[in-house]
Amino acid sequence: MFDFVRNPEWKSVAVKVVALQLLLAVSLFFYMNHQMETVNKALVNQQAALMGHFLKGDPSMEKEVIRYITQGAQDQDVAEGKRILAQYGYTETLAIEDQPVLAHTALPLHTALPVLVFTVPLLLVLLWEYRGVFAKVRTISVAAEQVVEHQFAEPLPEGEEGDFGSLGRSFNAMADRLSHSLEQLQQEKTFLRELLSDISHQLKTPLASLIVFHEHLLNDPKMGEETRRTFLERSRDQLDRMEWLITSLLKSARVEAGAILYRKKTLRLRDVIDQVVDSLRVPAEHKKLTLAVRGGEELLLEADEEWLAEAFINLVKNALEHSPTGGTIEILLEENTLFLDVAIRDQGEGIPPEDLPHIFKRFYKGRSQAKPQSVGIGLSLSKSIIEGQGGMITVSSQVGDGSEFRVSFMKGSL
Amino acid sequence: MMNRYTQLTGKYIRGQKKRSILTIFGIILSVTLLTSVATIGMSYRDKVIRQTVQSFGDYHVSFNGMEGDAVANIQQQAAVQAAGVISREGYAVIQKTSEKERSENPFASAYRYLNVKGYDEEAMRMLQVQVEEGRLPQASDEIILSSWGLSSFATKPKLGDRVSLTLGIRKVASTGEIRPISGMGDFGWGVDEAFEGQTKREFTVVGFMKPASNQSWSSSFIYPAITFNDHKTIDKNRTYFVYVQMKSLDRIKDKTESILTSLHLQSTEQGSALELNRESTVKSVRVEYNNELLKLYGKSTYGSVNASTSLAFAAIVVIILLSTIAVIYNTFHISVLERMSQFGILRCIGATPAQIRKIVMREAVLLSVFGIPIGLLLGTLFMKALFYSISFLSLGFLNDMRMVVSPLVLLGAAALGFITVIFSATGPARQAASVTPLEAVKSTGTTKVEPVTSVKKSDWVKWIFGIEGQFARRNLQRNKRRFRITAFSMIISLVLLIVFSGLVDLLRQQASQSGIRYSYSLQYEGSSKQIDPTVFEEIVKLDAVKQAYPFSNEQVMAIIPKDKVNPTYYELMSDMFVVETEQGYRMSNNFLQSFGENGLDDLKPKLTSGAIDKEQMNRKNGVILIQKISMMTESGKRLILDQTHFQVGDEIQIRTMNGNGQGYQTVTVMGIADQGPLSTGYSESAVLGMVTTPEVMAKISGSDAYSRIFIQAKSDQPDDSILNYLQTLVQKDAGYNYMDRVSELLQAKNDAMTASIFFYGFIGVIILIAFLNIINTVSTNLILRTKEFAVLKAIGMTQRDVSKMILLEGLFYGLFSGISGILIGAALSYGIQFLYQNTLDTAWGIPWTSMGLALFGALFTTFLATMLPMRRLNRVPIVQALRAEE
Amino acid sequence: MDILRTVNLCKTYGSEEVKVEALKSINLSVKQGEFVAIVGASGSGKSSLLHLLGGVDRPTSGQVILDGTDLYSQNEKQLALFRRRKIGFIFQSYNLIPVLSAEENIKLPMLLDHKSVDQAYVDEIISLLGLKERRHHLPAQLSGGQQQRTAIGRALINKPSILLADEPTGNLDSKNSQEIIELLTYSVKKYNQTLIMITHDREIAQRADRAVRIEDGLLLNGVTG
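Protein chains in written order, with the working numbering: chain W, 1 to 414; chain Z, 1 to 886; chain S, 1 to 225.
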């Protein structure tokens with residue numbers, strides 16, 4: 001509730017005000033003491049005058065009267081004295097300035113004045129403190145203006161304790177977020193440009209071939225049936241490739257742009273993997289490869305079945321491509337407290353360390369690329385799909401021993 | 001649910017229950033100690049004030065022998081709160097001394113007088129006038145008489161009787177001059193007495209006065225009587241005594257002197273008041289300060305006494321505070337050291353040093369919140385129990401001690417305890433805050449082995465204790481900080497013990513001022529000055545009598561060799577050493593005493609050196625010398641010192657005063673005692689006492705007669721059979737005179753018992769604190785090193801080797817701390833005594849006993865503190881210990 | 001954008017004869033969101049480097065610039081606040097506060113910052129860590145993996161921009177190691193944080209975006225495994 005006392009601003013004010021009040025209390029104490037001495041003196045003088053006059057007339061009364069001066073009076077005597085004095089208007093309601101003893105002290109005024117005068121340093125302290133506070137407010141508004149101008153270079157001080165510190169922190173976080181969004185916008189632009197250039201680059205080659213084939217077919221009516229057929233077949237190959245490219249690129253673009261709506265439902269992970277393995281049975285047999293799936297009978301996952309299968313197909317396909325004939329591809333389904341893992345291990349040539357960080361980049365071809373026709377879009381697409389559904393993919397590899405791709409999904413993923 | 005980081009403190013407290021309980025225990029003990037000390041102090045002061053009021057009167061300053069004019073002036077002074085006035089109304093003769101008595105007692109007065117004094121109400125209150133029966137006088141025709149003088153009246157007055165008295169003045173019969181009267185006139189008569197009656201007054205007897213406990217002998221001829229006199233009208237011819245309570249006690253001397261100035265009595269003699277009803281020679285005009293009472297308010301007119309009292313008290317409080325600070329600091333320090341790596345973690349995850357400090361300080365605050373109320377409660381309960389047992393002892397006594405539970409004391413103890421805890425926690429908190437985050441990431445365990453830079457070869461240790469001993473010694477050298485903490489804590493405990501037992505001794509000496517060990521004394525003042533031995537035999541035969549001592553006392557001249565005189569004493573009393581002879585000073589204030597056969601037996605346990613062998617004493621003129629006295633100097637300082645430095649075997653030349661022709665004889669000092677056989681306090685008069693056998697007494701004085709018998713009754717209560725016997729004796733022969741000191745004896749006994757309970761209770765608490773503190777530190781030290789010991793076992797030391805090493809380590813700790821502790825303790829105890837010397841000065845002796853006990857206790861406790869955790873350590877399997885992380 | 005940069009960072013221990021140069025002029029830059037593994041033999045200086053990056057130790061010379069701030073130009077208190085808000089530490093030996101429950105350990109940095117506890121966020125982190133059922137257990141009642149997850153939660157709670165992990169799996173079996181690494185990679189991705197991790201495990205180093213090797217106090221950039 002009183003958390004604000006942590007603020008250095010409050011601490012500073014509090015210390016100064018307390019110090020000032022202490023000063024005031026001490027000086028008032030001494031001042032009042034001094035004043036009381038004056039009143040005491042006046043009182044003694046008054047009593048002395050009274051006694052002097054009274055006893056000059058009747059010295060015999062001294063013994064009786066002195067007691068009232070030195071030891072204090074008794075009630076009935078006070079009452080009697082009051083009755084007599086009242087006849088002269090000398091009562092307890094007598095105005096202080098009419099009271100001869102107190103006439104020259106002006107104690108109330110002399111007390112009130114310094115207290116009043118004391119507001120000056122108090123005000124100065126408050127002024128000084130507020131000045132500091134407002135200076136900070138001004139810094140914030142300057143910083144806000146800078147952010148409006150897209151200048152993020154100078155953050156607000158956030159090292160302090162207290163509310164200004166946390167305001168600074170939140171402000172900086174806000175500015176960070178803003179600059180991050182701007183950066184992301186920039187990145188998306190770059191991505192689009194790169195995508196366009198990738199697509200055009202990838203499509204240009206088959207297109208050029210097609211154009212050449214068509215030119216030949218059109219301009220060479222005497223072309224033998226055999227040759228024509230070859231050309232047409234080549235054209236079909238190029239068209240197939242283009243179709244595949246376009247589909248993949250579109251998929252990839254849609255996935256990466258977040259334009260896919262994943263229809264998530266609860267799946268048995270094993271079913272998905274089995275289905276993937278089934279669909280790749282033919283090429284695997286073609287290469288005499290064994291596909292071994294282990295574990296995961298119990299594992300359930302929230303995901304879009306089709307897309308997930310797509311991602312795994314790409315990964316397994318990649319493994320197929322890199323596996324030597326007669327090898328084995330292991331697909332392990334595992335779980336731990338937090339994650340469901342699918343590990344895909346091949347016995348291929350492995351990935352050199354310098355390539356490792358890049359293999360998920362679109363169209364990336366390692367230096368020792370053995371398969372010229374692979375365009376390096378599958379892994380990238382898989383990664384996009386998996387990450388799009390809240391999973392992640394990592395790879396580890398040992399050159400000569402093969403690679404392991406590991407797909408992990410957070411259990412009960414958000 | 002945790003909402004702020006400071007709640008971590010509470011978690012720590014709950015998480016480390018054992019350590020927290022130990023810390024709370026330390027706090028509780030400290031606060032208990034503070035509360036107890038303060039309560040004892042307050043109650044003791046309360047008791048002493050009441051006692052002092054009882055025996056010295058409840059006034060601050062008295063103006064004696066004032067003229068009538070001055071009375072009203074003093075009463076009405078602005079500085080005066082209340083004033084009681086006493087006047088001497090006059091003497092009345094109640095009996096003419098019989099011829100028979102006068103012949104038997106050559107010092108007897110011609111008359112027995114009644115000394116009638118007029119008190120006003122205030123005076124009766126201030127001078128503690130109390131009646132045994134009836135009530136105090138309230139009118140000028142009412143009178144109270146002294147109960148012990150009633151039998152001297154022609155007809156013994158009863159309550160309500162009218163007595164008619166002729167008041168008058170006493171004169172010297174031979175010259176006819178008015179006899180000068182000293183003070184209030186209750187004391188002093190001459191052989192040459194005449195009386196002149198002046199006025200005849202009638203009084204109603206309304207009560208009988210209690211005899212004062214310190215009644216003097218001379219009251220057998222002058223009996224006080226008190227009537228009421230409001231002193232509204234002042235008789236200019238009378239002398240007045242005005243007892244005054246001031247409005248404030250500050251600068252009481254200045255105020256009194258300004259009163260004197262206004263009375264034109266600037267050069268009046270001033271001094272300290274004696275006990276009430278003590279015989280004193282007061283000159284006509286004298287001002288007396290009730291310094292015994294003023295001293296208790298710290299306002300004595302002797303500046304040095306005030307300063308000394310408050311200084312010594314402050315020193316005690318400071319020592320208590322320092323030791324509690326040490327104890328609490330220690331527990332905190334250990335608990336912080338244990339958690340160093342955790343504070344490092346906190347620093348790693350971004351706690352600022354200030355936050356760490358706050359966590360530790362909060363721990364201190366929280367523990368205080370638990371500990372202080374319990375400490376206050378325990379301290380109060382502890383005191384309640386103590387007071388209960390005391391009230392049980394002195395049942396039915398007026399002078400018992402009442403427990404003063406002052407909120408101020410509780411508040412003060414709580415505040416002091418709190419400040420102590422905060423103060424103690426500051427250092428460890430700062431240390432915790434200064435931990436670098438690196439410490440957390442680098443070492444995970446708490447056992448940080450400091451680099452060994454130099455290890456002294458200690459061949460002797462190896463030679464005596466073997467390799468384990470060397471190991472133990474190196475362990476101490478290796479971790480200097482831990483060694484310092486542990487040793488420091490033990491040293492503090494020992495210092496506390498020695499200082500307090502020294503203090504208790506000091507207080508005991510001061511408290512044991514009055515002390516008699518007999519119930520009745522019978523004296524014969526008849527012409528023969530000799531009690532018939534049959535009387536002694538009859539007394540011994542009485543069932544109620546436990547012991548009787550025939551007492552003979554002979555004042556003797558003695559030659560004291562110059563080198564035997566205590567130089568300090570010589571400085572103080574140089575005017576006593578005036579007659580120089582060749583062999584030394586000739587002194588006359590020496591008494592050769594014999595308490596009969598059994599008197600010497602009673603002296604045996606009091607001997608400080610020498611031995612009592614009656615046969616040898618008879619042969620060699622042996623005496624037991626009592627040379628220690630307690631005296632008050634002019635500056636109000638109490639000294640307890642030896643007058644001379646005689647030793648066993650020394651010979652002293654003495655000769656009787658009436659010198660029955662024998663000249664000097666030689667006596668041999670065969671033993672030294674501090675107190676006489678029938679006294680429990682030091683002698684207060686500057687006399688050298690020589691106790692000897694009746695035979696030696698007879699040899700030297702030439703007579704085996706005795707004129708006094710001390711009687712020790714079996715019971716503490718007044719006994720009629722003894723009293724009856726003594727009374728019949730007095731009736732038979734007026735030369736007999738007896739004193740009843742039963743009540744005084746009982747009171748002295750109770751006082752001694754009370755003192756013992758207090759002192760031993762106190763020492764008990766101190767020992768408990770010291771003991772726990774040592775146990776705590778030493779065992780923590782060991783438990784912290786569980787892992788280290790496991791390592792040693794893992795590399796092949798046997799259980800026995802490790803145990804031996806640990807025990808030896810404990811032994812070294814005990815030796816080191818024990819020796820340092822007792823040295824520092826002795827030094828401090830000397831310091832306290834030094835501070836006290838303006839109120840009470842006794843020769844400081846090295847406290848061998850408590851030092852020895854402390855050293856032995858330290859070794860024993862370390863042994864115990866080592867054994868306990870070692871058994872636990874031995875049970876832990878090596879592997880588990882190795883893995884252990886705090 | 002470089003979130004972290006060191007400039008000629010040097011660290012020397014001891015003095016005179018027993019002088020040990022733990023780090024010799026290290027220049028390292030790490031981008032936001034990057035996962036950097038530091039590998040090297042024990043005693044190579046990798047721990048010293050991590051401590052310097054985290055503002056736990058002070059360098060002999062050189063600078064560490066984190067999020068635009070020169071760490072060691074700050075005083076002790078500012079440095080502490082910096083650690084609290086910008087840096088999350090994860091240790092091999094977990095280093096939890098033994099008297100606090102898992103949840104309280106996780107919340108501690110938040111509490112140190114005097115922030116009112118964002119319970120929703122705490123719950124999110126706790127369920128992310130799979131500690132829902134164990135949140136009220138004391139560290140001593142948790143398994144190694146659970147303790148390390150708690151420690152990760154503590155490192156994540158203030159949303160620091162950089163996580164520093166010193167062999168976080170050093171005391172764990174392979175299954176728990178797997179889990180911890182996945183968790184770290186996952187959370188780094190989720191909260192767009194930077195992770196710098198010391199590891200001996202080659203496989204773990206490969207999962208990093210980049211691995212740097214320290215040898216005899218010198219940095220060998222970009223070398224993996």
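Take these hints with a grain of salt, some might be off.
Claimed, not checked - Distance windows between CB atoms, simulated:
{"hint": "1", "chain 1": "Z", "residue 1": "A354", "chain 2": "W", "residue 2": "L124", "range": "49 to 59 angstroms"}
{"hint": "2", "chain 1": "S", "residue 1": "N8", "chain 2": "W", "residue 2": "E306", "range": "51 to 61 angstroms"}
{"hint": "3", "chain 1": "W", "residue 1": "F363", "chain 2": "S", "residue 2": "D2", "range": "22 to 32 angstroms"}
{"hint": "4", "chain 1": "Z", "residue 1": "Q130", "chain 2": "W", "residue 2": "P114", "range": "39 to 49 angstroms"}
Keep in mind that the hints were calculated from the coordinates and are not lab data. Yeah, the Cβ is synthetic: ideal placement off N, Cα and C, and Gly gets one too.
How the hints compare with the structure:
1. Z:A354 x W:L124: 49 to 59 angstroms: 29 angstroms, violated
2. S:N8 x W:E306: 51 to 61 angstroms: Holds, at about 54 angstroms.
3. W:F363 x S:D2: 22 to 32 angstroms: 27 angstroms, holds
4. Z:Q130 x W:P114: 39 to 49 angstroms: Between Q130 (chain Z) and P114 (chain W), where Cβ atoms are some 58 angstroms apart, the hint is violated.
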